[in-house]
Every structure is written in C-alpha cells, then in structure tokens.
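Colleague: Work the whole structure out from these sequences, hints included.
So the sequence lines, in the order shown, correspond to chains A and B. Take my numbering: the final residue in the first sequence is number 1007, and no numbers are missing along the way. Take my numbering: the final residue in the second sequence is number 334, and no numbers are missing along the way.
In short, the hints are calculated from the structure, not lab data. Being a predicted model, the structure only gives us computed values, none of them experimental. Ideal Cβ placement from N, Cα and C applies to all residues, glycine included. Treat the hints with care, as some may be off.
To be verified - The list that follows gives simulated cross-link-like pairs (lysine to aspartate or glutamate, EDC-like), each with its CA atoms no further than 20 Å apart:
hint, chain 1, residue 1, chain 2, residue 2
1, A, Lys878, A, Asp764
2, B, Lys121, A, Asp861
3, B, Lys121, B, Asp218
4, A, Lys708, A, Glu942
5, B, Lys121, B, Asp219
6, B, Lys121, A, Asp764
Claimed, not checked - Partial list, derived from the structure: chain A residues whose beta carbon lies under 8 Å from chain B:
hint, residue
7, Pro779
8, Val789
9, Val920
Single-letter residue listing:
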Amino acid sequence: MTPVRPPSSAGKWVKMVLPWLLLAGLLLLPLGNPSGNVMKLLFITAVWTTTSVAWNLLGGMAGQVSFGFAVFFGLGAYTTGLLMHMGWNPYLSFLDGGIVAAVASVLIGLPTFRLRGPYFVIATIGVTEAVRVIMNNIDITGGSSGYRILESKPFNAVEHYYTAIIAVALAVAISSVIAGSRFGLALRAIKQDQDAAADIGVNPYFAKLKVHAIAAALVGIAGGIYARRAAFFYPGDVFAFNTGISILLMPVIGGIGTVWGAVLGGVIFGMVQEQLDANFPNIHLLLYGLLLILIILFEPDGLVGLLRRARRLFRRRRENPGSKNADQVLWGRGGIAGR
Amino acid sequence: MNLVWGLNLLIAALLLAGIYAAMSVGMTVIYGVMKIVNLAHAGFLMLGAYFAYELFNRLHIDPLLGAVLALPAFFVFGMGVHWLLVRWLPKSDTPTLASLLLMFGFWLVLQNVAYFIWGNDDRSINTPRTNSPVNIGEFSAPEVRVIVFVAAVICLVVLQLIFNRSWFGRSMRALIQNPYAAQIVGVDDARTSRLTFGLGTAFAGFAGALLGMIYSFTPDYGRQFLLRSFVIIVLGGLESISGVALGAVVLALLETFGPQIKYHGEYILPDSLQPAVSFGLLVVVLLIMPKGLASLFTTKRRLT
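Modeller: Okay, here's the thing in structure tokens:
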C-alpha cells in the first residue's frame, strides 16, 4: 500500500545515497581549511551549476532552448546590489533577486512563448541584446560603468561558499521534484509534441511560463550570490551574450534533459572555465565551440550519453538504450525513429 | 527640421538599406533551401572583413576588388563547411535546434580562431575614399557608402537573376517550395544544398568585406549585424530575395529616423538605445507577422 517502494537493486541505492553523500562532503569541506583559490573555484562552480540545472528545467525538460538566461542572471545581480546598498539583509536580497527575475521571465515569456522552436530561440537572442543595451543606459545602476556593492562586514569566503552550495542543492532538489511530478510529465509531453500535449489536457503556454519562472528565479538567486562575492559587476559582464551562452552550453555538454547531466556539465564547465580564463583568456570559447560541434554531430546526449555508452560497452549487454532526451530537444523527434 | 535635412537622412537610410540587404541575403537563401538558421553567418561576415583587410594591407588590393575576390574564395569555403559539418544534419522542413547549435558552435570557433590570429584590436580599412563625401547640390553622402551601395545592389540583382533565370536557381526555388516534390521530379537535393550553402557563404563574405570598408571591426564584429540580418529576413518572410530588400529598407528607415523622433521636445530614442530598436522590432514582427511583411500584400498559398 505504501507509495514509496524500497530500492530493489544496488544501483538504485547508489542513486539515492550518492547525492546526500556529495552534499555532506561539500558541506564539510571548509573544515579541511582549503586555500582561498580552491574556495573561489568551488564557489564559482556552484554558481554556474545552479544556472545550468535551472536552464535544464526549461531547455531540457520542456524542450524550449533559450539563449536569454543572462537576463535573469544580470537582474538577480543588480537587484541584490541595489537592495544591499539600501541596507537589506543579503539573503533577503538574493530572494528578491529571484523574484524580480521570475517577474521578468513572465514578462518575456508572455510574448515569446507564442513562438515555437527556433523562432523562440531567435527571440530570446533579441531579448538579451535589448536588455543589455537598456541596462547600459540606466543611470541609477551606473550604466555601462557598472555597480559596486559595499559591505561593512569583513569578507567571509566560507559564508559565500555555503550560500552557493545551498543554491545548488535547492536547484537540484527542485529539479528532481519536478522531474518526478505530474508537472514534469506535462513538460516532457510538451517537448515531445506540443499539440498532442494540448490535446490531452496540458496547457503548454501556462506550463512553459511556470517552468520559465521557476528557472529564472533560480538563475536570479545565483546572479545575486555571484554579485555579492564579486562586489563589482557591469552590464557587459552579467548581461553579456556570452553569459547566456555559457548557461546554455553547460547542460548541452553534460547531457540535455537529465538533472545530473546538467550538474556534471556545470561542474566541468566551472572548473575548466576558471582555470582556462586565468591562463588563456580566449581558448575556452574555442574549446566550447569545438565541443558543441562534436556533441551535436556525435553524441547529442552529452557526457551522460557518453558515460551510458561506455557502461553499456563495459557490461557487454544491451539494456534499454536510455533516454532519447537530446533527440527530442535537438532533432525534434522521439526515440522510435532511431538516430 | 527642413526638407533638405530630411532628404539627406532619407538618402543615408537608403544607402544603409543596400548594405543591410547584401548582408542578409546570404542568410535567407540558406534558410530557404535548407531551413537552417545560420548563426555562423556572423563569423562569415567577420572573416570577409578580415579577408579584404589582409588583401589591402599585404598586397595593396583595393578593398572593393577584395570584396569581389571574396565571392569565389568564400564560395569554396562555404562548400567545405557544408561538406564537413552541415550535410550530417538531419533533413527537416522546419529548422531544428541541432542545426542552430551546430552553426553556433562553428561561429564560436571562427570567432576565437580570429582572436588568435588578429587579436582584440579594432581594425579598419582606410583608403583615400573613406572620408571624402560626394556632393550633389545640397545633398551629400560619404563616397565609400555610395560605392558600397552600388556594389550591394549589383550583387542583389545578380543573385535575383541566378534565382529566377538559371536551372540552379530553379532547383533552389523548387526545394524552397516543396522539398519532397522537388526530389520526386529529379532535383538533386544534396548538390543543390551544397551549392546554396556556398552561395550564401560567398555573399556573407562579400557583404562582410563591404561592411569592413565602412565600419571598424574586431573578431566579435558580426554579432550586431547577425541580429539585424535576422530582423531583415524575418521581415522579408524568410524565403524571398525581394522580401530581404523590403525588410532592409524598413529597418534602415527605422534606425535612421527613429532617433530623430521628438516627444515633448525630448528625443524618445537616444542614440545609445538605437541597437535595441532592431531587437524590439524582431520580437514584435515574429509575433504579429510571422510570415513577414509580404503577408500584408499577398495571401501566399503553399502546398504542404
């Protein structure tokens, strides 16, 4: 009678326990007194991973690829900055950053979700560019010269780290809950065939708006957390087209449509980005371009797909060929036709 | 606000429209035949500008001739790109996200390879023509813009002739109208796609070289024009060359006259907000006229 079935195999146990072990490890990590650089690297990685997981909600689950998430990241950063300047508690400011981003996502979504597929994608590119231009010209935020957060408290790397980790955990938890819920099923139905989903009683327009708002709120919170630690930011940075690209690349690299793919993509991206950015400022985008081409041509399921393939090879037995998530997002068709 | 001033602005807008049309047309043929939104277009524009720049600096070839030389060079380059990347994409009669992301990845590669070669500095092509104006009575326009306009219009006319009068153009039109029926009557889809991609790339390189004569450029140079190209081809209904010309005129007029509109004595669109005009227009047009401006005049029937 109980709805919760005990995990039947070792694999399921691992899947249930591993996230908690990971979280515990990350929470205990500052006890080991790591160096400032390591803390910074982990912090940035956690922020990027949050945005990656959030993007995956809209792009992976609902199949609506957006180039425009930089808007929410930037809005979160600016809202947090302005509110902290007015003397608000930083954590309340993060939440407000999320709310502002969610409201913006509804305003953007109302017109753009009337468009489908690539037309939606193109519209999101236009929205990002327009928002950055406008933010460059608003006086109260310092326009294009940027905004500085002055905090009276001393800099505390551990606190920043914990906020970022909590944000990641929140994003992953929300994603997992949505993935297993009726709402998640509705999103997947929209991805596979929007018209068929509408026929069986899903309201695609409303569902997309809802998931867009949830994703935007998470990205807004991440933007606020980033802004507080960076203490200085400008529209050419947080609202940049490149920020939007990065947020999109992470889940594509990791594996579109799976929560852990997005996490994996975010972690790898964050680590590599920080290292490469310091040493070779331009090489990372070149690498991501190449990676994107290779992934699209050879392994649309990303690293998760690659791992799955490796495991199949290792076990020498053909199981259920796994998700066709990426197929549906990228090629616009289900798993029946094959690749 | 007097008449001469207004006419001068109008001339400037039309000259701009010619360039805009030339830069968008490559994108529209590729979209029409293959239904690929070519984000790498920005990269091709940028490479076109550097192509003319290098020819001018090293071999002292006039940038106008450089632009003409870009046509065959980029034609071959485009066919290479098609052979290497694009032909592996699945066929579809609506644009797929795979194609979008693939071309986007390729754009990133082009852009960052260019950063390696030319660095981040602003480059420009300076010829004696660059700053000399052409004066006719009270009207004046920069000479280089007039030349670029003439070159752009000639190239559009040539393309229109290829499109309407040659067998290759006929197979392109057939594929645009109905890819399945076209293949049934014997149009070679693969070959036409390859040539079309080459053609689109050639015109992108050509337009990039022309734009390089007017504006200074960096490896990131194509992005602003990429979004304008989107707006123009969407305005033009995505698949027709004359539609592109119409879209270019509309966008150029809006960008030129928009900042001049006063409301209660204040400019409602300061110059710095000008880039937002095209992006705003893009969203509005996608929403209210997804078939482009042409849908206002004709009811187009398509077999599906």
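Colleague: Decide, hint by hint, whether the structure agrees.
Modeller: Cross-check of the supplied hints:
no., hint, verdict
1, A:Lys878 to A:Asp764, "holds, 18 Å"
2, B:Lys121 to A:Asp861, "holds, 18 Å"
3, B:Lys121 to B:Asp218, "holds, 14 Å"
4, A:Lys708 to A:Glu942, "holds, 9 Å"
5, B:Lys121 to B:Asp219, "holds, 10 Å"
6, B:Lys121 to A:Asp764, "violated, 45 Å"
7, Pro779, "holds, 5 Å"
8, Val789, "holds, 6 Å"
9, Val920, "holds, 7 Å"
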